[in-house]
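A.B. asks: So the sequences go chain by chain: L and G.
To convert, note that position 175 of the first sequence is 175 in the UniProt record's numbering; the numbers rise steadily by one, no gaps.
To convert, note that position 126 of the second sequence is 126 in the UniProt record's numbering; the numbers rise steadily by one, no gaps.
The reader is advised that the hints may include incorrect statements.
[What the hints assert, rightly or not] Simulated pairs of lysine-lysine, DSS-like, Cα-Cα distance not exceeding 25 Å:
| # | chain 1 | residue 1 | chain 2 | residue 2 |
| --- | --- | --- | --- | --- |
| 1 | L | 194 | G | 122 |
| 2 | L | 194 | G | 141 |
| 3 | G | 194 | G | 141 |
| 4 | G | 197 | G | 133 |
| 5 | G | 51 | G | 63 |
| 6 | L | 194 | G | 125 |
| 7 | G | 111 | L | 194 |
| 8 | G | 194 | G | 133 |
| 9 | G | 125 | G | 141 |
Derived from the structure by calculation, the hints contain no laboratory data.
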Amino acid sequence: MASSDTTLDQPSFSEKIEPYISFLGPMAMILAIIIFMGIAEPARYFRVSNMTQILLDAALYMPMAMAMTFVITQRGIDLSIGSVAALSSIIMAFLIKQYGFPAWSAALIALCLGALMGLINGLVITKFKVPDLIGTLAMDLVYRGFALVIAKGLVLARFPDLITEIGRGQSLTFLPTPVVIGLITLAIGYFMLKSTHFGRYTISIGSNPEASEMTGIAVDRHRVYAYVLMGTMAALAGIMLTGKLNAIQATSAPYFNLHVIAAVVVGGTSLFGGRASIVGSLAGVLLLSMMINALVTLRIEFFWQSVASGVVIILSVALYTWLQKKDRDGSGGMAAALQNPDNRKLLKLTVWIVGALVVLSIISMIFGGPANPSG
Amino acid sequence: MASQEPIIAMHGIVKRFGGVVALNNVDLEAYPGEVLAIVGDNGAGKSTLIKILTGVYQPTEGKITLDGKPFQMASHSDAIENGIDAVYQNLAIADHLTPAENLFLGAELTKSIAGFTALDNKRMKAEATRVLKDRLGVQLKSMDVPTESLSGGQRQAVAIARAVRHDDLRVLVMDEPTAALGPQETARTLELIKALKAQGLAIIVISHSLDDVFEVSDRIHVQRRGQCAGVVKTAETSNEEVLGMIVGTKTAA
Numbered sequence: 001m002a003s004s005d006t007t008l009d010q011p012s013f014s015e016k017i018e019p020y021i022s023f024l025g026p027m028a029m030i031l032a033i034i035i036f037m038g039i040a041e042p043a044r045y046f047r048v049s050n051m052t053q054i055l056l057d058a059a060l061y062m063p064m065a066m067a068m069t070f071v072i073t074q075r076g077i078d079l080s081i082g083s084v085a086a087l088s089s090i091i092m093a094f095l096i097k098q099y100g101f102p103a104w105s106a107a108l109i110a111l112c113l114g115a116l117m118g119l120i121n122g123l124v125i126t127k128f129k130v131p132d133l134i135g136t137l138a139m140d141l142v143y144r145g146f147a148l149v150i151a152k153g154l155v156l157a158r159f160p161d162l163i164t165e166i167g168r169g170q171s172l173t174f175l176p177t178p179v180v181i182g183l184i185t186l187a188i189g190y191f192m193l194k195s196t197h198f199g200r201y202t203i204s205i206g207s208n209p210e211a212s213e214m215t216g217i218a219v220d221r222h223r224v225y226a227y228v229l230m231g232t233m234a235a236l237a238g239i240m241l242t243g244k245l246n247a248i249q250a251t252s253a254p255y256f257n258l259h260v261i262a263a264v265v266v267g268g269t270s271l272f273g274g275r276a277s278i279v280g281s282l283a284g285v286l287l288l289s290m291m292i293n294a295l296v297t298l299r300i301e302f303f304w305q306s307v308a309s310g311v312v313i314i315l316s317v318a319l320y321t322w323l324q325k326k327d328r329d330g331s332g333g334m335a336a337a338l339q340n341p342d343n344r345k346l347l348k349l350t351v352w353i354v355g356a357l358v359v360l361s362i363i364s365m366i367f368g369g370p371a372n373p374s375g
Numbered sequence: 001m002a003s004q005e006p007i008i009a010m011h012g013i014v015k016r017f018g019g020v021v022a023l024n025n026v027d028l029e030a031y032p033g034e035v036l037a038i039v040g041d042n043g044a045g046k047s048t049l050i051k052i053l054t055g056v057y058q059p060t061e062g063k064i065t066l067d068g069k070p071f072q073m074a075s076h077s078d079a080i081e082n083g084i085d086a087v088y089q090n091l092a093i094a095d096h097l098t099p100a101e102n103l104f105l106g107a108e109l110t111k112s113i114a115g116f117t118a119l120d121n122k123r124m125k126a127e128a129t130r131v132l133k134d135r136l137g138v139q140l141k142s143m144d145v146p147t148e149s150l151s152g153g154q155r156q157a158v159a160i161a162r163a164v165r166h167d168d169l170r171v172l173v174m175d176e177p178t179a180a181l182g183p184q185e186t187a188r189t190l191e192l193i194k195a196l197k198a199q200g201l202a203i204i205v206i207s208h209s210l211d212d213v214f215e216v217s218d219r220i221h222v223q224r225r226g227q228c229a230g231v232v233k234t235a236e237t238s239n240e241e242v243l244g245m246i247v248g249t250k251t252a253a
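If we strip away everything but chain L, and leave its shape as in the complex, we get:
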């Protein structure tokens, strides 16, 4: 009755590919990197040893990207993961080196500590009602501070075989052990998202928090679950990092948070909630590792990595926002945008700022004396 007279219009091309966009997007970018490197530096980039290196780098971020997919899908964010990884693995290192704990129990303790830190994050956000951005940023300082208090400037190194196996071993399959661990966590995440209450409610909370509350879903409890999962996976990444480097210090893992958030967002999980893609997160992690590896292979200075990561985040978020905007009427390109008085004022402001910079530079050059190097 209700649908019998629906005009069965064919879905447009963008509608057809929309479900796969989260996967196609990063795949297209990965392809672009492959083509670019195939032209620029094929010999060194496509060596088996380099491919293994890319996978090893990516593996570290896979568990965290899985968990971050849940956190972001719920409209949350966790900026504390680097410190959680550092603190839990510092404590693990001390338990092994100073107190003679067996490696397996110290590693499990580290995972539990990560879960505990995630729990604290979750409670700060849901019970104290501190916005997630501020809450996890502040807890990042707290955890990093504890790590520094415990370790001072020490570098703890040379760990038992179990830890190095987790970080860089290859005794399980033809793939390095950390890659296997990372892929397993992603597979578990995929299952959780599709087939558990936690996964279903994660999407509904991100999609419509009020409706979820009204339906009787324990919104706050499931948000805490996501942060606990995040903390646990951050601790796992900490163990993997410790094993990979066979060393750990309090300042390790400084940029985990932005790298992981970038990978997840590049993979099509929406920062505005409700849209999750575990496969996309895997693609995002691979993309970032390939990109950074490409920069290294091209012998571009290390510091450019942070520039590249930032640009990739902005580009992908802007792209997804544009793709999801259904109604593009009236967007008549640059010329039309310049007709808009607001945009003209912004243009004027831009001209003023750039002009001021230029004028100041010229004046400084005129009045400046000889250079006076600080070093």
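Assemble the complex: chain L is given as a structure, and chain G must be docked to it using the hints.
C.D. replies: Positioned in the frame of chain L, the structure of chain G alone reads:
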């Protein structure tokens, strides 16, 4: 219809919020196979009335009977257990989930895989397709798309289907079911209401649109300033009379 017993009846309901009297001595009866419309100005007490009816609020005074027996609800889930459910104005739908996932949101069907409890997505999809088709006569192009890609009327159908999914549902309360819909979608939603009425449900519709009310209802309950300004049979009244009762220039004959 009038000869039948009401499924649910409210007698002398009073609801006070502090010093504010939201409802003052209101009676209401809902019969099976009948659409009762509740109309009234903003602040007339319509929302409070249905929140009491669906167990969200408890009345300060007065009593409710279910099948003639005294009946108390401590929460909305009490109401659902007794076959009373509501479809809200701001559709309680998660846009990114599929229709089936929305239908079973908060009450998912599960199965056991090697000792673990997992969601039974296949069964939920089949069941959702059945409920939509058999009870509402709606067949969606695809059950695998996010609900946000459906039309307003189809989304309304999903929201209604969530309530009628329970086979023991007897009273369905609908808050402004056509408020956000275009003319075509409104017509479809009214068709849905008629289909449910034919299945013997007691339906209570709150609406601002008198056109829709006259199209679909059997009786009209007019609320004015927390009191019942009268209940009239739709067939025996006119647009002007109801409007007069809403603004207070006329009283029920």
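A.B. asks: Decide, hint by hint, whether the structure agrees.
C.D. replies: Hint check:
1. A threshold of 25 Å between alpha carbons decides the hint, and for residue 194 of chain L with residue 122 of chain G the separation of about 12 Å falls inside it, so the pair holds.
2. About 22 Å separates the Cα atoms of residue 194 of chain L and residue 141 of chain G, which keeps this hinted pair within 25 Å; it holds.
3. Only pairs whose Cα atoms come within 25 Å are accepted, and residue 194 of chain G paired with residue 141 of chain G is accepted, the gap being roughly 23 Å.
4. Of the pairs offered as hints, the one joining residue 197 of chain G and residue 133 of chain G holds, with about 16 Å between alpha carbons and a cut-off of 25 Å not exceeded.
5. About 14 Å separates the Cα atoms of residue 51 of chain G and residue 63 of chain G, which keeps this hinted pair within 25 Å; it holds.
6. A threshold of 25 Å between alpha carbons decides the hint, and for residue 194 of chain L with residue 125 of chain G the separation of about 13 Å falls inside it, so the pair holds.
7. Pair hint residue 111 of chain G plus residue 194 of chain L holds up; C-alpha atoms about 13 Å apart against a cutoff of 25 Å.
8. The hinted pair formed by residue 194 of chain G and residue 133 of chain G meets the criterion: a straight-line CA distance of about 15 Å does not exceed 25 Å.
9. Distance hint between residue 125 of chain G and residue 141 of chain G is fulfilled; the C-alpha atoms sit about 13 Å from each other, no more than 25 Å.
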